[in-house]
Amino acid sequence: MNLRLIFILSVFLVCADFLPAQGGQPDLTPRKITLATYPALSPDGSQVAFAWAGDIWIARTRGGRARRLTGHAGYENGPVFSPDGKEIGFTRLEKGKEQVFVVPVRGGIPRQVTFHSEGSRILGFYPEGKSILISAIRDFGTRSATRFYRVRIDERKAEKLLFDAEGVRAALSPNGKKLLFTREGYDLYRKGYRGTKASQIWLAENLETPEPKFT
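In terms of our numbering, the sequence shown opens at residue 1183 and continues consecutively.
A few of these clues could be false.
Each computed BS3-like pair below joins lysine-lysine, with the alpha-carbon atoms no more than 25 Å apart [as the list claims (entries may be wrong)]:
1) Lys1342 - Lys1359
2) Lys1268 - Lys1312
3) Lys1279 - Lys1360
4) Lys1359 - Lys1373
5) Lys1373 - Lys1342
6) Lys1379 - Lys1339
7) Lys1342 - Lys1279
8) Lys1268 - Lys1373
9) Lys1360 - Lys1342
10) Lys1379 - Lys1312
11) Lys1360 - Lys1339
12) Lys1395 - Lys1360
13) Lys1395 - Lys1359
14) Lys1342 - Lys1379
15) Lys1359 - Lys1268
16) Lys1312 - Lys1373
17) Lys1279 - Lys1312
Between beta-carbon pairs, the in silico distance windows are [claimed, not checked]:
18) Arg1242 - Pro1392: 23 to 33 Å
19) Tyr1257 - Ile1383: 21 to 31 Å
20) Lys1268 - Lys1360: 37 to 47 Å
What the hints contain is simulated information worked out from the structure, not anything from laboratory work. Backbone N, C-alpha and C define an ideal beta-carbon position, used for all residues, glycine too.
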């Protein structure tokens, strides 16, 4: 995790502004935010979005009050900024399933953009800002079942499978044509581990073609 983000979220202790994002009476009691998770910088570096107390928040990187963007009963996490910095995508866990929502940075009602009954988790935006990268399990039924998909957020269209290979975490290149991702292994909190349970890092290139290249 970026050390600057750690400093902003855990040392500086941004004060929270408890004005509800979706109506209701405001609680103006200042509180300190501790143990915030999933920090994400805006494209221009002026703002940081993060998850705290089950909701999505946003604050200036130079410090000040944090503003709550969501106020839902479900557990929300994993915020990511759109390329133009005007929207934030995030994952909401509700009734045992995860779905992806998008909310304006200025505030408003979150808009649901995934609806599959097996759930979806957002990993990032494509450069054009009209599609997102998600990870999801779709009818595979095995341990290595998670795949990556491209989903439009401006219209309801079928999600597109990037390639038929298992993967967990991933990041798109700036042009959206390459994908760095992890597969296999487990989350092991042990520095320098090199055994058979270590995850592998792969690079998929030429994502726009029927047969991407893997290294």
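Hints, verified against the model:
1. Lys1342 - Lys1359: Status holds; Cα separation ~14 Å.
2. Lys1268 - Lys1312: holds, 12 Å
3. Lys1279 - Lys1360: violated, 29 Å
4. Lys1359 - Lys1373: violated, 31 Å
5. Lys1373 - Lys1342: violated, 36 Å
6. Lys1379 - Lys1339: violated, 37 Å
7. Lys1342 - Lys1279: holds, 20 Å
8. Lys1268 - Lys1373: Roughly 38 Å separates the two Cα atoms, so the pair is violated.
9. Lys1360 - Lys1342: holds, 15 Å
10. Lys1379 - Lys1312: Roughly 37 Å between the alpha carbons, so the hint for Lys1379 and Lys1312 is violated.
11. Lys1360 - Lys1339: holds, 22 Å
12. Lys1395 - Lys1360: holds, 9 Å
13. Lys1395 - Lys1359: Distance of about 11 Å is within 25 Å: holds.
14. Lys1342 - Lys1379: violated, 30 Å
15. Lys1359 - Lys1268: holds, 23 Å
16. Lys1312 - Lys1373: violated, 38 Å
17. Lys1279 - Lys1312: Cα-Cα ~24 Å, so holds.
18. Arg1242 - Pro1392: 23 to 33 Å: Since the Cβ atoms of Arg1242 and Pro1392 sit about 44 Å apart, the hinted range of 23 to 33 Å is violated.
19. Tyr1257 - Ile1383: 21 to 31 Å: 28 Å Cβ-Cβ, so the 21 to 31 Å window holds.
20. Lys1268 - Lys1360: 37 to 47 Å: Cβ of Lys1268 to Cβ of Lys1360: about 25 Å, so the range 37 to 47 Å is violated.
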